[in-house]
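Participant: Residue numbers (our numbering), protein chains in the order written: chain E, 3 to 280; chain D, 12 to 228.
Calculated from the structure, these hints are not laboratory results. Note that this is a predicted model, so its numbers are computed, not measured. One thing to keep in mind: the hints can contain errors.
Stated by the list, open to error - Below, simulated SDA-like cross-link-like pairs (lysine to any residue); rule was C-alpha separation at most 20 Å, straight line:
| hint | chain 1 | residue 1 | chain 2 | residue 2 |
| --- | --- | --- | --- | --- |
| 1 | D | Lys54 | E | Ala113 |
| 2 | E | Lys88 | E | Lys122 |
| 3 | E | Lys241 | D | Phe174 |
| 4 | E | Lys39 | E | Lys241 |
| 5 | E | Lys146 | D | Ala115 |
| 6 | E | Lys195 | D | Ala45 |
| 7 | E | Lys146 | D | Met53 |
| 8 | E | Lys195 | D | Val207 |
| 9 | D | Lys108 | E | Ala113 |
| 10 | D | Lys108 | E | Thr100 |
| 11 | D | Lys54 | E | Asp49 |
| 12 | E | Lys39 | E | Asp49 |
| 13 | D | Lys48 | E | Asp49 |
| 14 | E | Lys154 | D | Ala45 |
| 15 | E | Lys195 | D | Ser107 |
| 16 | D | Lys108 | E | Lys195 |
| 17 | E | Lys154 | D | Gly208 |
| 18 | E | Lys195 | D | Pro40 |
| 19 | E | Lys122 | E | Thr100 |
| 20 | E | Lys146 | D | Ile213 |
| 21 | D | Lys54 | E | Gly206 |
Unchecked claim - Listed next, the stretches of chain D that the computed footprint assigns to chain E, with coverage defined by at least 3 CB atoms under 8 Å from CB atoms of chain E:
| hint | region |
| --- | --- |
| 22 | 158-171 |
| 23 | 177-190 |
| 24 | 194-200 |
The beta-carbon is built from N, C-alpha and C at its ideal position, and this holds for glycine as well.
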Amino acid sequence: MKAFSRRMIAIDRRIIFLLIALAVLLPLLNPFGLPIKVSPEVKAVYDYMDALPERSVFLLSFDFDPSSKPELEPQAVALLRHAFRKNLRVIAMTHWITGTGLADNVVAQVAAETGKARGKDYVFLGWAPGGYALIISMGQDLYKAFPSDYSKTPTLGMPVLEGVRNLRDVNYMVSLAAGGAGIEMWYVFGKDKYRFEMAGGATGVIAPGLYPFLRSGQINGLIGGLQGAAEYETLIGRKGMAVAGMDAQSATHFVIIVLVVLCNVFYFALRGDKGKQA
Amino acid sequence: MIFLKRQLPLAITFVMGVAFALQYYIPHPVSEEAITKVSDWMKIISGFALVLGIASVFHVHAVKIRRQAPGWGYSGVLFAAIAITMAVGFWSGGESKADGAQTAFGWLYDYTMVPLQGTMFSILAFFIASAAYRAFRARSPEASVLLVSAVVVMMGRVPLGQFLVPWTWNVTQWLLNVLNSAVRRAILIGVSMGSVGLSLKIILGKERSYLGGGKDQ
Numbered sequence: 003m004k005a006f007s008r009r010m011i012a013i014d015r016r017i018i019f020l021l022i023a024l025a026v027l028l029p030l031l032n033p034f035g036l037p038i039k040v041s042p043e044v045k046a047v048y049d050y051m052d053a054l055p056e057r058s059v060f061l062l063s064f065d066f067d068p069s070s071k072p073e074l075e076p077q078a079v080a081l082l083r084h085a086f087r088k089n090l091r092v093i094a095m096t097h098w099i100t101g102t103g104l105a106d107n108v109v110a111q112v113a114a115e116t117g118k119a120r121g122k123d124y125v126f127l128g129w130a131p132g133g134y135a136l137i138i139s140m141g142q143d144l145y146k147a148f149p150s151d152y153s154k155t156p157t158l159g160m161p162v163l164e165g166v167r168n169l170r171d172v173n174y175m176v177s178l179a180a181g182g183a184g185i186e187m188w189y190v191f192g193k194d195k196y197r198f199e200m201a202g203g204a205t206g207v208i209a210p211g212l213y214p215f216l217r218s219g220q221i222n223g224l225i226g227g228l229q230g231a232a233e234y235e236t237l238i239g240r241k242g243m244a245v246a247g248m249d250a251q252s253a254t255h256f257v258i259i260v261l262v263v264l265c266n267v268f269y270f271a272l273r274g275d276k277g278k279q280a
Numbered sequence: 012m013i014f015l016k017r018q019l020p021l022a023i024t025f026v027m028g029v030a031f032a033l034q035y036y037i038p039h040p041v042s043e044e045a046i047t048k049v050s051d052w053m054k055i056i057s058g059f060a061l062v063l064g065i066a067s068v069f070h071v072h073a074v075k076i077r078r079q080a081p082g083w084g085y086s087g088v089l090f091a092a093i094a095i096t097m098a099v100g101f102w103s104g105g106e107s108k109a110d111g112a113q114t115a116f117g118w119l120y121d122y123t124m125v126p127l128q129g130t131m132f133s134i135l136a137f138f139i140a141s142a143a144y145r146a147f148r149a150r151s152p153e154a155s156v157l158l159v160s161a162v163v164v165m166m167g168r169v170p171l172g173q174f175l176v177p178w179t180w181n182v183t184q185w186l187l188n189v190l191n192s193a194v195r196r197a198i199l200i201g202v203s204m205g206s207v208g209l210s211l212k213i214i215l216g217k218e219r220s221y222l223g224g225g226k227d228q
């Protein structure tokens, strides 16, 4: 047993890599489609969006780049589908320069699928430097912060921005964040100063760190990781990339749990041996 | 020179620090106009920070190549990638789409940047699994608590775990909303108090490391 435990603890990591690869691949090829439970924090985002009157202004900030695409793009797609279905006016933008092309593709793709027109139903403002300074600037005058959208069309006079002067005219805002320039920044320099309601969407890694903002009501909802995206897809009744990916995530979690349990069994077997020797 | 290098930056920092700390609490049009103007300045400075970043990357990797330090070939690849991206970017007029069609710059973004970054991030899953197998051991009571919590949360956050052990869902929600929130809040308050203290030190000129070194300091 001891020799076996020693061998297993020093197992070639390529075997672990292979197990993880199989845990990701097999459920994607043969999904088992277990039901998705919806958490109150995701439901809160859905409920707020759903209660907004038609043509309300919804601001979606893509504060991530392609490295977080698997987790945050499904969230963006689900939110946009919901917003367009509710006939909200969508303003999209990004604080991450490397996420600009990705954000533009996602917005254009969901808009095309729902028959929405650029400039009339939605606008993608693109990226501008400044981070928190940009938020303050948008809070003062949206048209000075973004004189034109990503496709170089002047923002002033766009039908989608009719009656919108600054962030005070935004009805709901969601920041999809993969790191520093995201939800906290939007709260501190945006919501707290210009008084609009907001929620956050984040990668699984940073979502637990945002719970204090959620519990204090600084954000009214939180979509965390692929699970959060899957919950939102379940709520809007349109299963997509997130629900499809949850089977792979389930299997991967289980492989890791089994590995951790086994590792501890071997560790205790060896530790008992060391104790006897002492 | 000492005035330009030391006294003037300290005076600007003091005046701007005090003025914009107060500005937050004054909802007067003059105050709002001031923050608008200064946020424009900050956006311009952020633009220069990008240039500074690029210059820094060039410097670090040029030194690596000149000294033929281990892995200097990767620095060569970096320069080649920057040169190609810039050339294609200028050629495409910085646009990823033109007349509805994808430009070469857009193609470069969609078919190199997106998959490369996605690959880098997804490789983490493999390394996390390997690291968890080797390091996640119940060596002490504290480590055991962490281990049990991690297993419960990993079960409770995925449909298979919720299906097999239904109570993990509720326990996970409680862990995230109560224990995790309380601890994170304590950390946040501590970090924020630290930030306030550091800001005061900078505004009052006690902390001067941002001025850089040199004989005149």
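Participant: Give a verdict on every hint.
Facilitator: Hints and how they fare:
1. Pair hint Lys54 (chain D) plus Ala113 (chain E) does not hold up; C-alpha atoms about 30 Å apart against a cutoff of 20 Å.
2. Annotation: proposed proximity of Lys88 (chain E) to Lys122 (chain E) holds, straight-line Cα distance about 15 Å (limit 20 Å).
3. For the hint linking Lys241 (chain E) to Phe174 (chain D), the alpha-carbon distance of about 19 Å falls within 20 Å, and the restraint holds.
4. For the hint pairing Lys39 (chain E) with Lys241 (chain E), the CA-to-CA distance comes to about 13 Å; that is within 20 Å, so the pair holds.
5. For the suggested pair Lys146 (chain E) and Ala115 (chain D), the alpha carbons sit about 30 Å apart, so the restraint of at most 20 Å is broken.
6. Taking the CA atoms of Lys195 (chain E) and Ala45 (chain D), the gap is near 15 Å; set against the 20 Å cutoff, the hint holds.
7. Distance hint between Lys146 (chain E) and Met53 (chain D) is fulfilled; the C-alpha atoms sit about 14 Å from each other, no more than 20 Å.
8. For a cut-off of 20 Å, the pair hint linking Lys195 (chain E) to Val207 (chain D) stands: about 19 Å separates their Cα positions.
9. A distance of roughly 17 Å separates the Cα atoms of Lys108 (chain D) and Ala113 (chain E); the hinted pair therefore holds under the 20 Å criterion.
10. The straight-line distance between the Cα atoms of Lys108 (chain D) and Thr100 (chain E) is roughly 16 Å, inside the 20 Å bound, and the hint therefore holds.
11. Pair hint Lys54 (chain D) plus Asp49 (chain E) does not hold up; C-alpha atoms about 35 Å apart against a cutoff of 20 Å.
12. This hinted pair checks out: Lys39 (chain E) and Asp49 (chain E) have alpha carbons roughly 16 Å apart, not beyond 20 Å.
13. Restraint check for Lys48 (chain D) and Asp49 (chain E): the C-alpha separation of about 38 Å exceeds 20 Å, so the hint is violated.
14. Our distance criterion of 20 Å between C-alpha atoms is broken by Lys154 (chain E) and Ala45 (chain D), whose separation comes to about 28 Å.
15. Straight-line distance between C-alpha atoms of Lys195 (chain E) and Ser107 (chain D) comes to about 34 Å, which puts the hinted pair past the 20 Å bound.
16. Annotation: proposed proximity of Lys108 (chain D) to Lys195 (chain E) is violated, straight-line Cα distance about 36 Å (limit 20 Å).
17. Our distance criterion of 20 Å between C-alpha atoms is broken by Lys154 (chain E) and Gly208 (chain D), whose separation comes to about 43 Å.
18. Of the supplied pair hints, the one linking Lys195 (chain E) and Pro40 (chain D) holds, its CA atoms being roughly 14 Å apart against a limit of 20 Å.
19. Between Lys122 (chain E) and Thr100 (chain E) the alpha-carbon distance is near 26 Å, which puts this suggested pair outside the 20 Å criterion.
20. Proposed proximity of Lys146 (chain E) and Ile213 (chain D) is contradicted: the alpha carbons are some 31 Å apart, above 20 Å.
21. Proximity of Lys54 (chain D) to Gly206 (chain E) is assessed by CA-CA distance (about 30 Å); at most 20 Å being required, the pair is judged violated.
22. Closer than 8 Å: that is the beta-carbon criterion, and the region 158-171 of chain D has 9 residues meeting it against chain E, so the requirement of 3 holds.
23. As drawn, the region 177-190 of chain D meets chain E at 4 residues by the rule of a beta-carbon pair under 8 Å; at three or more, the given contact holds.
24. Only residues whose beta carbon comes within less than 8 Å of a beta carbon in chain E count, and the region 194-200 of chain D has 3; three or more means the coverage holds.
In this structure, the earlier hints numbered 1, 5, 11, 13, 14, 15, 16, 17, 19, 20, 21 are contradicted, and the remaining ones agree with it.
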